[in-house]
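> Sequence order for the protein chains is R and E.
Okay, so the first sequence: first residue is 1 according to UniProt numbering, each after it adds one.
Okay, so the second sequence: first residue is 1 according to UniProt numbering, each after it adds one.
Hint data in this document are derived by calculation from the structure and do not stem from the laboratory.
Misleading hints may appear alongside valid ones.
Covered, in the sense of this in silico footprint (three residues per stretch, anywhere, with C-beta under 8 Å from a C-beta of chain E), are these stretches of chain R [as the list claims (entries may be wrong)]:
1) 24-32
2) 185-194
Pulled from the structure, derived: some chain E residues nowhere near chain R, Cβ distances all over 10 Å [as the list claims (entries may be wrong)]:
3) Ile-31
4) Ala-35
5) Tyr-46
6) Thr-176
Using N, Cα and C, we set each Cβ at its ideal position, and we do this for glycine too.
Number of protein chains: 2
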Amino acid sequence: MTDARVTQTSEQIRRTALDLFATDGYDSTSIRDIAAAVGIRGASFYHHFRSKEEILWNLTERALGQLAESWQRAKAELSGDEPLEALRAFVRTGVVFHAEQRTEAALINSRLNRLSDEHYAGAVALRGDYERELADIVAACVATGRHAVPDVRVTVYAILQMTAAIATWYDPEGPTTLDELTSIYEELAVKMVAPA
Amino acid sequence: MTDARVTQTSEQIRRTALDLFATDGYDSTSIRDIAAAVGIRGASFYHHFRSKEEILWNLTERALGQLAESWQRAKAELSGDEPLEALRAFVRTGVVFHAEQRTEAALINSRLNRLSDEHYAGAVALRGDYERELADIVAACVATGRHAVPDVRVTVYAILQMTAAIATWYDPEGPTTLDELTSIYEELAVKMVAPA
DNA sequence: TCTTTTGCCTACCAAGTGTTAGACTAACAC
DNA sequence: GTGTTAGTCTAACACTTGGTAGGCAAAAGA
Chain R
1 MTDARVTQTS
11 EQIRRTALDL
21 FATDGYDSTS
31 IRDIAAAVGI
41 RGASFYHHFR
51 SKEEILWNLT
61 ERALGQLAES
71 WQRAKAELSG
81 DEPLEALRAF
91 VRTGVVFHAE
101 QRTEAALINS
111 RLNRLSDEHY
121 AGAVALRGDY
131 ERELADIVAA
141 CVATGRHAVP
151 DVRVTVYAIL
161 QMTAAIATWY
171 DPEGPTTLDE
181 LTSIYEELAV
191 KMVAPA
Chain E
1 MTDARVTQTS
11 EQIRRTALDL
21 FATDGYDSTS
31 IRDIAAAVGI
41 RGASFYHHFR
51 SKEEILWNLT
61 ERALGQLAES
71 WQRAKAELSG
81 DEPLEALRAF
91 VRTGVVFHAE
101 QRTEAALINS
111 RLNRLSDEHY
121 AGAVALRGDY
131 ERELADIVAA
141 CVATGRHAVP
151 DVRVTVYAIL
161 QMTAAIATWY
171 DPEGPTTLDE
181 LTSIYEELAV
191 KMVAPA
């Protein structure tokens, strides 16, 4: 058994654990809960993962990777270097991720501190990379002179977190479609960097 | 022992529990953890509270009450009925609350779902009242014709949640003072309702 | 003074926790 | 066929969980 191993069962465990962690929280989800939902016994879980923390990290790393990757893809498709377009694209991918991958988002937006020290540091670093992307964009917007912001750092947090919160309330069956949601958020973000 | 009872020890238990819930989470804080931090044994906790859930609800209700109350106070001091001033005041009190009462904020911004069904419903109702206050303000802004917003409901969530998130990152020792923070957020919120 | 209440204690309970040991079966490699 | 591996199982370990029973000392009320 290696870490990278991906079998049918281990993948099913991952999916199930992700769901349960997102719904009930990491602490109140037991190995036996996960195993039962997959149709095996608790002990068999340990054939696929070394510990409960390992699967948490495994899922967290994946989720952070997906978020970063979706932004990198969008970034690559960006033509020209108009920073406002980058801002729009960044917000768009953020909204889509948090609305579509709500369980993954719930994981990375909440208790990272259940991870071991190294893994926690790793997660914080990955999240920091992502945050820095937005900080650079906002700074570039301001640098054009055509936009202004009361404080770059705080504005970045505000944009990041109003986006992240989508995962906690968005309902695909609700009154707002994903398309509407992305354009609403794009507009809000653009307004936030509007000249004073 | 009644619910409303407030003694020295029970107050100390409340404070300690609030801290531990905010730091470690409700699930991973045991009655014995709380008791030990207060200097009593686990069993003595039950002299002051009927159950673990009771103290969670007790703290949650207080925190929601404090938030609502601080807004009601600010609202009462509002002169004139310029809705933009109300928006500024609402954001201001929200920022101050989430920056100063970070532990209380952490409690109400996370797992309300550990509450019993009735208490959960109560908490959601209280939060709903608070949210509706902002919704009314934003709607009033739009109604003047001098402001516009892509979508009232979503904008309300965005403002509410960028504010709530302050509790997770704000550091009083950090580079931004509370005064600066409030004016940054006021400005951001005002921009968000700027005419399109 | 006697009685009640307050506030804490020790000791316990039943259930659940993450995790390990060791055995078994089925499939695959040679 | 033989050896190895994957994947599961039962059983257990040591410990923690929320909560209870009942007792004991000090204070308060009569």
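> Hints first: check each against the structure and report whether it holds.
Going through the hints against the structure:
1. 24-32: With 3 residues closer than 8 Å to chain E, the stretch 24-32 of chain R meets the three-residue bar; holds.
2. 185-194: holds (count 6)
3. Ile-31: Ile-31(E) is indeed farther than 10 Å from all Cβ atoms of chain R, at 15 Å.
4. Ala-35: For Ala-35(E), whose nearest Cβ neighbour in chain R is about 19 Å away, the distance exceeds 10 Å, so it holds.
5. Tyr-46: holds, 22 Å
6. Thr-176: At roughly 6 Å from the nearest Cβ of chain R, Thr-176(E) sits no farther out than 10 Å, so the non-interface label is violated.
Figure legend: structure checked against the earlier numbered hints; the only hint not met is number 6.
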